[in-house]
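Visitor: Chains D and V are the protein sequences, given in the same order. So for the first sequence, our numbering puts the first residue at 2; every next one is plus one. So for the second sequence, our numbering puts the first residue at 27; every next one is plus one.
Watch out, some of these pointers could steer you wrong.
[Stated by the list, open to error] Computed list of chain V residues with no C-beta within reach of chain D, every gap over 10 angstroms: (1) 44; (2) 66; (3) 80.
[Stated by the list, open to error] Pairs of lysine-lysine residues, derived as DSS-like cross-links and limited to a Cα-Cα distance of at most 25 angstroms, are as follows: (4) D/4 x V/70; (5) V/41 x V/97; (6) D/97 x V/41.
Hints are computed from structural coordinates only; laboratory data are not their basis. Please read all numbers here as calculations on a predicted model, not as lab measurements. Idealized CB from N, CA, C, for every residue including glycine.
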Amino acid sequence: DAKTTQPTSMDCAEGRAANLPCNHSTISGNEYVYWYRQIHSQGPQYIIHGLKNNETNEMASLIITEDRKSSTLILPHATLRDTAVYYCIVTYNTDKLIFGTGTRLQVFP
Amino acid sequence: EAGVAQSPRYKIIEKRQSVAFWCNPISGHATLYWYQQILGQGPKLLIQFQNNGVVDDSQLPKDRFSAERLKGVDSTLKIQPAKLEDSAVYLCASSLVVTNTGELFFGEGSRLTVL
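With these hints in hand, go ahead and build the complete structure from the sequences.
Guide: Right, here's the structure in full:
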C-alpha cells in the first residue's frame, strides 16, 4: 500500500470548513483513498472513499487531485462534534485497512 | 440497526495473567477483524476472519494471542500470558462484503491495562 503523509494536528473554527490534506505521492492506479475518523474513546468511523473522481456524501467531500498524488477531505461546516483524529488510508486491498497516526482536528467555538 | 458489540469495556490485570475479549458483529456481516490500538497510534490489524475461517493472522503474536470465531458469528480474542506492552485498546470491526467497499464498522473497543 502507498504511504500517506498527514499533518499531525489542525485547528478549525466552528462553522467554518475544515480542509484536511493527505499526501500519497506513490499511489498506484488501482489504489483507493479512504478516510476514517476516530472520536475520543470510540472506534474509527468510515467517512468516505474514492478512486479518481471527487466524492461527496452527507458527512464530507473528498477532493482528489488529477495526478492522484494528494487529496483533501472537506468538512463543510465543522462542529465541535467533528473534533477527532482523521485517518487517510490508501489501499488496493479494500478488506485490509492499515491505519497511520492521522491528523488530530480540534474544532474550537 | 445494532452496532458491533464488545465486552468488557475496561479490564485491568497483572502481567502474566490471562484475559479474554468478546465481540458480536453486526448481523449478517461475514468479515470480522480484531485491531490493537496502542495509545497515540493508529489501529493495527491483528487478525481477520471470513465467516469462521482465518483470512490473515500474520500480525497476531501467536505465542500469547489467540482468536476464534465459532459458527461464523461471535468472536473471542484471548491473551495468555499478558505482558506490559499489551496495554492497549482492542477494537473489533465487521464488514458486510469483502470487495470494493472498505467500509468497516467498529465497536467501541475494550481497554486493557496490564500492571
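Visitor: Under the constraints set out in the numbered hints, which ones does this structure not fulfil?
Guide: 2, 5, 6
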